[in-house]
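Chemist: Residue numbers (UniProt numbering), protein chains in the order written: chain A, 1 to 288; chain B, 1 to 749.
Hints are supplied without guarantee of correctness; some may be wrong.
With a Cα cut of at most 30 Å, we get these calculated BS3-like pairs of lysine-lysine [claimed, not checked]: (1) B:Lys747 - A:Lys257; (2) B:Lys738 - A:Lys257; (3) B:Lys411 - B:Lys179; (4) B:Lys397 - B:Lys303; (5) B:Lys744 - A:Lys277; (6) B:Lys747 - A:Lys277; (7) B:Lys303 - B:Lys411; (8) B:Lys55 - A:Lys257; (9) B:Lys311 - B:Lys431.
Here are some chain B residues pointing at chain A (derived, C-beta under 8 Å) [claimed, not checked]: (10) Glu615; (11) Leu673; (12) Thr735.
Rather than coming from a laboratory, the hints here were simulated on the basis of the structure. It should be emphasised that the depicted structure is a prediction, and the values quoted were computed from it without experimental measurement. For each residue, glycine too, the CB sits at the ideal point set by N, CA and C.
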Amino acid sequence: MRFHSPASFEDAANIAASATGVTRFLAGGTDVLVQLRADIVEPDDLIDVKQIAGVKDITRRSDGGWDLGVAVAGAEMTEHAALMADWPGLVEGMGLIGSTQVQGRATLVGNLCNASPAGDASPGMMAAGVTVTVTGPNGTREVAVEDVPTAPGRTSLEKGEVVSAVHIPARGANGGDAYLRFIPRTEMDIAVVGCGVNLRLDGDIVTEARVALGAVAPTARLVQDAADAIIGTTLDDAALDALAAAAEAACMPIDDKRGTIEFRTDVAGVLAKRAAKIAYARAKGDTK
Amino acid sequence: MALDNKNNEFKVIGSTPNRPDGLDKVTGRARFGADISVPGMLHGAVVRSPHAHAKIVKIDASKALAMKGVKAVITRADFPEGLEGEDWNLQENAMAGEKALYDGHAVAAVAATSPLAARDAAKLIEVEYEVLLHVTDVDEAMKDGAPAIREGAADYSVPEGLHPNVVRFFDTGMGDLDKGFAEADLVVERSYTTEAAHQGYIEPHACLGQMGADGRGELWCCTQGHWFIRRMSTAVLGVETTNIRVTPSEIGGGFGGKTTITIEPLSLALSRKAGGAPVKMVMNRGEVLRATGPTSSASMDIKMGMTKDGKITAAHGTFRMQGGAFPGAPVDVTTMLAFANYTIENVHHIGYDVITNRPKQAAYRAPGAPMAAFAVESTVDEMCRTLGLDPIETRLKNASRDGTRSTFGPKFGPVGLVESLEAARDHANYKMPLGPNQGRGVASGYWMNWGGETSASVAMSEDGTVTVSVGTPDIGGSRASMALMAAEAFGIAYENVRVNISDTGALGVNEPTHGSRATYASGLATIKAAEECITKMCKRAADKWGIDADAVIWEDGSAKPSGPNAGEFDPLSIGEICAEMGETGGPISGHYEGSPTGFSGSFGTHVVDVEIDPETGHTTVLRYLVVQDAGKAIHPAYVEGQFQGGAAQGIGWALNEEYIYGEDGRLQNPVFLDYRIPVASDLPMIDTVIVEVPNPGHPYGVRGVGETGITPPLPALANAIADATGLRMRGLPMTPPKILAALKAQKNG
Chain A
1 MRFHSPASFE DAANIAASAT GVTRFLAGGT DVLVQLRADI VEPDDLIDVK QIAGVKDITR
61 RSDGGWDLGV AVAGAEMTEH AALMADWPGL VEGMGLIGST QVQGRATLVG NLCNASPAGD
121 ASPGMMAAGV TVTVTGPNGT REVAVEDVPT APGRTSLEKG EVVSAVHIPA RGANGGDAYL
181 RFIPRTEMDI AVVGCGVNLR LDGDIVTEAR VALGAVAPTA RLVQDAADAI IGTTLDDAAL
241 DALAAAAEAA CMPIDDKRGT IEFRTDVAGV LAKRAAKIAY ARAKGDTK
Chain B
1 MALDNKNNEF KVIGSTPNRP DGLDKVTGRA RFGADISVPG MLHGAVVRSP HAHAKIVKID
61 ASKALAMKGV KAVITRADFP EGLEGEDWNL QENAMAGEKA LYDGHAVAAV AATSPLAARD
121 AAKLIEVEYE VLLHVTDVDE AMKDGAPAIR EGAADYSVPE GLHPNVVRFF DTGMGDLDKG
181 FAEADLVVER SYTTEAAHQG YIEPHACLGQ MGADGRGELW CCTQGHWFIR RMSTAVLGVE
241 TTNIRVTPSE IGGGFGGKTT ITIEPLSLAL SRKAGGAPVK MVMNRGEVLR ATGPTSSASM
301 DIKMGMTKDG KITAAHGTFR MQGGAFPGAP VDVTTMLAFA NYTIENVHHI GYDVITNRPK
361 QAAYRAPGAP MAAFAVESTV DEMCRTLGLD PIETRLKNAS RDGTRSTFGP KFGPVGLVES
421 LEAARDHANY KMPLGPNQGR GVASGYWMNW GGETSASVAM SEDGTVTVSV GTPDIGGSRA
481 SMALMAAEAF GIAYENVRVN ISDTGALGVN EPTHGSRATY ASGLATIKAA EECITKMCKR
541 AADKWGIDAD AVIWEDGSAK PSGPNAGEFD PLSIGEICAE MGETGGPISG HYEGSPTGFS
601 GSFGTHVVDV EIDPETGHTT VLRYLVVQDA GKAIHPAYVE GQFQGGAAQG IGWALNEEYI
661 YGEDGRLQNP VFLDYRIPVA SDLPMIDTVI VEVPNPGHPY GVRGVGETGI TPPLPALANA
721 IADATGLRMR GLPMTPPKIL AALKAQKNG
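So that you can see chain B by itself, here it is in the shape it has in the complex (with noise of 0.2 Å):
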């Protein structure tokens, strides 16, 4: 059983089979969360803050209550007090307390026999409201004179004088700044806004709750992790952890925006206190958008310095990032990543996490990363286009490689940006013509993937399948992943594979589908559990045999004697083991359990070619490449698909994404009209090139390859807007009034 690389020799890993929920998915076999239904159940809606910032003065829910069919009526009084920290965050977020934070925040729940009746009773429940000042944008909410959301949330990191919507502080770096800038030949100092962006998931949050008197239940729901929905939930209503039992459904999409809760813990009390009756709840799109988290928007400043061959000396980043009314911008992953493509030797990150009146940010996609990508990479590409350097040598240059000092600390273990660089170089996309008005930009981005809590168990059937059980939902064809690694372990084929998503009360604590993680970390969980079971077959063989079991190898899926024995006697295979396993000593399963941490990050660069139309600031995509480090791509096709994923909503957060807000603090785009992800057709093909340099911490190599890819995305979609018009757009999105009004301006002088 070799556990080390050996990637010219694996059989099945890098095979691109059919996923095996695939069929399910596309008949409409599979359940997604609001298939879920059974017998008497109630259906629940949510009455919604159409104010950005209000004193609940009353909540009537009489007439409500009055109406027929309706069985509960839930407010913030029926959850307990005295949470502390991110349990009364989200719970504060999950149902409004004294004050509506944000457009969409949810004052009070009704349950009801039908969906309709449910939606006519919250019309009926009637609140009072004296509206507060409001601010919604990140620069604006500093601002002396912004009206403090709430006094003391702020944390022990906030220096003194810093507004009270200020809740946290970063303050990192190494070197010397000074003499840093002073080596340079260019020194470029540029400000930046994102805006924010939503995960965009096809398929809004369901769940089906229910729980009685005694605290004890069970839900099922759509998310990326049932053991976070469980604590999270349970400890909003102040009922122990384990009283729960959470059940995945399949999942369509969850970006990291189904890590957290929302409606979860207002079913459970919705059912509670109707007498332990189920309660269902489904989200439209406009509650989706108003009220669960979309990622943060950013103001960022970044100042670099530059030789005029292209080393980086000096770089520093200011990062100011708002995630709604709740402490938890992602500004922390920002400051540490923002400049992580570059050995640089004096760099200092200075980060605000920052409270407004918007939806409390969820994570989205390597959630941090993106921003701090546009303004460093854009600076950078400008850089290179002042001192007449090739963006792709320029990187190559100061690239991160095994070995050289991160500029978040750590060293570098081996890492694929050279190669990835080396490969976009090469590459033909990197070589085409370009016409009037085209452009092309290029950019890189990196994501440090994760480990987590991790359980999981494998199984032998009788017919000498295998079934593996895990604890992460499938989000990205992580079963076929599963399957793959498992039937590689085995020597078995991909088909005598089967995978389970198992429920809290199967496994040990798992982490969600996050952080790039379930390939990782589950797939070296199956691995190891494999190994398990092999071992007890080994044994199993050589209690037949009577030699020692260590005497026994396993090779191609069968057991054979070895050393002194080898020949001796006929191969076992799996499933003659297996099918007498009920005779010689019962069943045969494997488990694994820990937290792995030798994961390795994945770096990739993508270069775009754009055509802008002069006249009315379109952007045409004409062609992408994604070239990415995938360690070992254990089912290519998916690898590639979660590289094309990624670049499709950068493309998308670059170009037309984003929350708008009015005057009034309210949401102005709260559906996918207004609301503007990419549709197909804005798409070109988008190319990849898998660049393979494995992680020495996973068995066969893996890295995750979820996240990196939406990092890129939104410095190249500048880098080639500013290569077809000369213009450098610096705040996203980057829509066709604001590239015609550039255009414009550059015309007029």
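Isolated chain A, as found in the complex (with noise of 0.2 Å):
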């Protein structure tokens, strides 16, 4: 195994693009460390891209909206009281990985390229409607987060590229966003089902929402159906039982150890109607 810790992110794309083996990109290491300690993965090339400037940052952007580095731990999102105000279901979602010891390492490109089907982080990202900077050997492009995983271990990013900086949107007025995710336990477990839902009030209307749903699919995924069930609407039982009856249609999940089939579509339904209250909530300026 080679360790490299490169200076820039050009750098780290050249390493993987010339690497002939199993690489692996490493920054907070808490799903790479943990596959190699377990013997699931062995890489040939372990690029640590924590050396590279700037990746511990977290910035506010002229139009509102937040940059942050790859490199950015679950603990730095909870603990900063701005982002937090903006984007309290994005940074919750990040924030239920693992133990307090975990957040000081996990980041949130980690769980978005470790491309469980189950990554508490994704779907509220994708509710928010973040992009990627991916940087590759021929240069970058932006990607919406949702285009990132196309199957469990699997990510759409070509070799040699490298995701390089996450950008979430402008928070923006009447705004609200909830991840909510069901476990057995109340933490140190992984979801059985997640779902997260960002939307925007006129008044009482809903006039612009995203719902994503964890762990019901081979990736997290946005649901327009389930989206299109709110816009509209005051969230009222009618529209919440549209959305569940739309989160619940677009489950296709698997039986396994952690949950049924049955289960875990009908605790879609349940969850999204759960976050959407949330989301609704606080797009009405309760902080909770």
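Starting from two chains that each stand alone, build the complex the way the hints lay out.
Modeler: What follows is the structure in structure tokens.
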């Protein structure tokens, strides 16, 4: 195994592009190092991106949005009051991952690129409309997060490509987001179902919405029908029922040790309703 | 020196000083199994079967042996042949012979100069398997057509005509069942299942073994009982028992699972083959879950009869339990304790010990008792609900108590079930109002406790302090308990007692810290050894004063003249006697050895409130109460810790913990992410009430307290869920998917 700590994403991309064996990028390492110890992967080239300038920065853009470096840890997001005030759902999704110790290392990009269907950070990012910059041997491109995972453990990134920055949209007025997951315990667990909802209101009416589900399909995914079910409504009971039905219809889960198809489908509807209510209340100015 | 119970006169017993090992453990100074290192040591790694049941056709270690740094590879060929009975079982479990019997079964091991080299070398050992049909479920394993795991494994007790996977059979009872059921107004017959649960100790097994070509050596390991480890390891290796000296490390949890061997004989065999270099082995979590014993899974049928006013008239239980690929499922204990809470004239138990393609079960906190409690206490609760009876009053009506005949034969002496039920009934938790989707469950449980082979010494030090040496590893604060009992016996301060956990070279045979025996048996031994010291110190004082030893009494840490000589001489303190003992006859020490038989069981009653999320089936434990008889709580805070720990493990077993096997017979969840023990935030503060009905068989009234606490939570949770939802869950664990599916079925009629 060769360990690299390049000083730029261009260098990182070049190392990855010319590597011939198994390559892994290392940010927080809370997936890669665990997989290494568990004999799941033994990279030939391990490329640490933490030495690259700016990877730990949280920056507010002039448009009110946020740029995050790829090594910003969950705990740094949770303790960032302004970011938390803008995007509580997105930050909570990240903050649910692992233990306090893991939160000191784990990153949004790691969770996205690990491409677990059950990754807790991904639905919140998708609902928020987050994009990432991808740096490759031939330059950079912007990619919506929902276009990154393609299958369990697989992403749309090409050989040599590495995520080099995270861009969160401006919150804007009258918006709110929320993320909920179901686990049998209360923490330190993996989502059996996850749901992120982001919406904007005009008065009492939902004018924009994005709904994303996790752990019910091969990738976390945006569910347009679920968003459509609540756009133009006051999130009344009929809208919530339509939201739940759309969420359930979008589920293509598996039966496994963590939950049954029936359970995951039912709970996806339940969580969509509950998350939508929280997002709605937040859009109304409820700061809880 | 009074040895009678004197509950109100104790000076230090019942206080709660910090445990002597506490600072070391929170600062990292304490040495656990994996902390032991010596110069020149090698590191071991194990090759494990990926198959549930497979013939081992060929093992080729040539590539591993060619690797730089690899010093030895062992297979079953390196172990002696001809072992019998449990020794053979232990050997076969430690290292597979002709067949791999479960996913994770060791088939080879390697020693190399670094942990990584050993791991890499293990991957280079090529094992050719011929995969066989497997079975992991107890009911399936008993059916016609199930693969026979080992013909001839059954003992004399098994009637003809049963599947060869049934290896032991139990049939006990008394009274007239037909008569009893005829007297009942309500007869209920129900079936239940529980899954295997792992002890879940945080510290994985770790050891360092050294053995020369002469078969002599040493072993350092984390264990609950180093004499057991010595006997088992040497038996498996075919060397003299006393050739190996075993030193226990500190232990990060065991709960019964560290009373047997796993990697220990492998490290010794690797060391011998590597020319005597010490070999360190540390399991990872996957190995612990796949290859060390969880408890048994069970399938049970219960039939009970009750009159309208709540008297239990008859009970019948059938218990089918699998304990992995070897005999040993604790069905004997299950049948013995199933109905122990109750006085029942007509009772019958049938038990089947069944082998399957799973790891060899190991003891787990009250082994065998929680499964039966789940079935029996659920049935009693259902009958109470049907008849409109209060669950505590009904239990009081039928409760085992002093002088009643137990359902397993002997009469009870003084026991605290009635007291625990009354304390639960009178506790604020039992009266707390419940909201929507909330429910309350009650269940009682019992563990008979144990004495066991015990050897302990007490030595007086020249500064007047006392050193206690016991052979029971300190797994739950027993050093503090020993020190408190010694301090009480001597009449000195707790701080003036040191407690050693001695190795196998320093004391006679000690059974492990198991069966809730340490505080009882090593405590009794400590007190008796202290008495011997006191007698000797009184003699030194008598000699000095020139009076009869009989005329000297021991009070408040001093020898005093008594009788006609009272007041004649100034008392001689323990410090004064010890300071000059070199001139008055040499060192003073006391010793005790024996198998104390005055142990007595502990009853407990739990009350739990839950809230069920009707949309997800998630159970939240709102409040939890443990009431249990300690006999006498030597260190009440650590007694409460035992109560709470038992409840926490029981809650996990009830709600989320389970061994999940795939169609391929492989364990699907060999990691703590998916083997879901409760985390701290899953549990409320567990309230405790210590009942003290003294055990007449211990100088200070002690009963063991460690095990009873895991028994009531399984049914208490099921009973609470029934109260909250009307659903009777008869299979563990009661996971959210199962509860949600049952709620939907209930809703759809």
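Chemist: Of the hints stated earlier, which fail here?
Modeler: none
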